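These protein sequences, in sequence, are chains A and B.
Residue numbering for the first sequence follows the working numbering, beginning at 1 and increasing consecutively.
Residue numbering for the second sequence follows the working numbering, beginning at 1001 and increasing consecutively.
It is possible that part of the hints are untrue.
Some chain B residues close to chain A (C-beta under 8 Å, calculated; not the full set) [what the hints assert, rightly or not]:
1) R1102
2) H1105
3) G1146
4) T1156
5) G1228
6) K1258
A few chain B positions that, by computed beta-carbon distances, are all more than 12 Å from chain A [unchecked claim]:
7) E1018
8) D1029
9) E1035
10) I1079
11) F1094
12) D1100
13) I1101
14) G1122
15) V1150
By construction, these hints were calculated from the structure, which means they are not laboratory data.
Given the structure is predicted, the values throughout are model-derived calculations rather than measurements.
Even glycine gets a Cβ: it sits at the ideal position worked out from N, Cα and C.
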Amino acid sequence: MEPLRVVTGIVAPLNRPNVDTDQIVPKQFLKRIERTGYGPAAFYDWRYLEDGSDNPEFVLNKPAYRGASILVTGKNFGCGSSREHAPWALLEYGFRVIIAPSFADIFNNNCLQNGILTITLPEEQVQELIRLAEEQPGMKLTVDLEQQEIRGDGIQIPFEVDEFKRFRLLNGLDDIGLTLQHEDAIAAYEQRRPEYLTYGK
Amino acid sequence: MAPKTMFEKIWDAHVVYEEPGKPTLIYVDLHLTHEVTSPQAFEGLRLAGRRVRRPDLTIATVDHAIPTWSRDLPVTDPIAATQLATLAANAREFGITFYDIRSPHQGIVHVIGPQLGYTQPGKVIVCGDSHTSTHGAFGAFALGIGTSEVEHVLATQTLPMMKPKTMEVRVEGTLPPGVTAKDIILGIIGRIGTAGGTGYVIEYTGEAIRSLSMEGRMTVCNMSIEAGARAGMIAPDETTFAYLRGRPHAPQGADFEKAVAAWRTLPSDPGAVYDRTVVIRADELEPYVTWGTNPGMVAPISGRVPQLDEFEPGPDRQSAERALEYMGLKPGTPIREIPIDRVFIGSCTNSRIEDLRAAAAIVRGHKVNPKVRAMVVPGSTGVKLQAEAEGLDQIFLDAGFEWREAGCSMCLGMNPDILAPGERCASTSNRNFEGRQGKGGRTHLVSPQMAAAAALAGHFVDVRELTKER
């Protein structure tokens, strides 16, 4: 997992609440057995027209937002299915940071597993960032995880992030390696595991 | 000792390791895997030279991407076929019990876990599928995880987790006739919203919940994720124990009695404190139909498609406006006047034997409206065989329903069962998202009874009036 310290990039506004993981990556792409190749599937139904060409109406297709690495969007982003294909698709599309008033739990975990920083800000602040990104297409922001601050032209917004999440993202650490440091504790638990949980086969 | 909630008891009994400020390492008793969210996890193990720590606590089956046509016909989608073969090879390589497409135990992972007796009170259960919350109906802590977490559980049999908060949703009083478990959960989501449960484990309590069968409890817990919750759970009781007794993977003989004694200690203690409590009166619930593109957009069958000015200006109103446009509905339309093209009875929410019996009772002796295409997809091969033994298949076939093989099918449309653009479906599944059942498809979530009644009429009808007439 690639460490994330400071991200400077174009801000793409997606002003919709409750964007579910079926929209982020539709089911027909879930049949693949690889971890990569989902970038072109991101927001598929919104992004392409019937003939497969780009839908010019979809905000991310506007030239000024091409190459965006920061997504600002509505509340409850990533709700629905647990498919990790959703963060895989967003990461491959180019997003390293997603800012929203709230995130669905499983999606939030999946982002952390893939080095995507999710930032929760109050609804008014998110709406203000969306407005700025819409009014100044191609606007860039710097998201500084070390300083826990979002910076831009006349913008300085501090953000909260769980200390352990910050540590993992800054260092690009993978969970399994961390857990296996507690191998002895796992073995010890297996010895004291409540008996009734071990009946049945 | 301070009184504890059931969730806290289960959590405390599974702590492997904890350190302030860091996620707690929680032991997993049962890991269910399927073809869609596991291949990248097994590949990760191989690349790191890791093994599956507890293959004995891991099972695998195929459900999401399989066709529901005859098992004698091939899987024609080459990408899906590769995914199915990959799970078979992974199960073999890592020594995991695998119920393949031809196994009598195959089925939707959340249907076979309980049916085979793997799902038991007090367990921590995970699966790379958000509807793992289903298993909480037995008094288990069951949650959906992503593929990286699947790999983590395969490698370590544990999951690092920040402790969620607890919410009690109490449904007081008796459920009115014609109002089902599906209506309870749709009613709850309509009230608390699709993010109302975010960060919480919900425990459902109250007389209306206690009086539900295990199938009904599973329907309620299944859609906890649609309220945003990490998990849903219901305290085990005599109904739970009676369901589990004699199931092949449940404790047997004297062990069963010992297990029951332990299971009886799980329910929340009197005076246990929840972080939030929501109280709903059962007699205020009706049969519900969703009108929009998330499960919180719901109206009673007696109601109408809402007017836009019923929503706060801003994101909520925009979202409702967009939903109505996608769904092709006019504000103020009576729900009963919405015509339908398709009916889907199935999914991990409502495809168990009791669901099929309830739908068959409505259908018996009637015909599907000629402009409707209706299908029944049993949740598991076991459910299908049982339904056939009871003659339910014949009732559906005589009425003009298709009777299919078991799988997730048109709940998510990963297999060939999908809606055409613009088609409108009465569905017993769990998600009415844009394109969920096929690009441009329009989904209305309902109970099995309501779906069956809509199939006959060609539009939504109040199932309560139907049963009165007969």
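Exercise. For this structure, which hints from the list above don't hold up?
Worked result: Per hint list: 1, 2, 7, 8, 9, 10, 14 and 15 violated.
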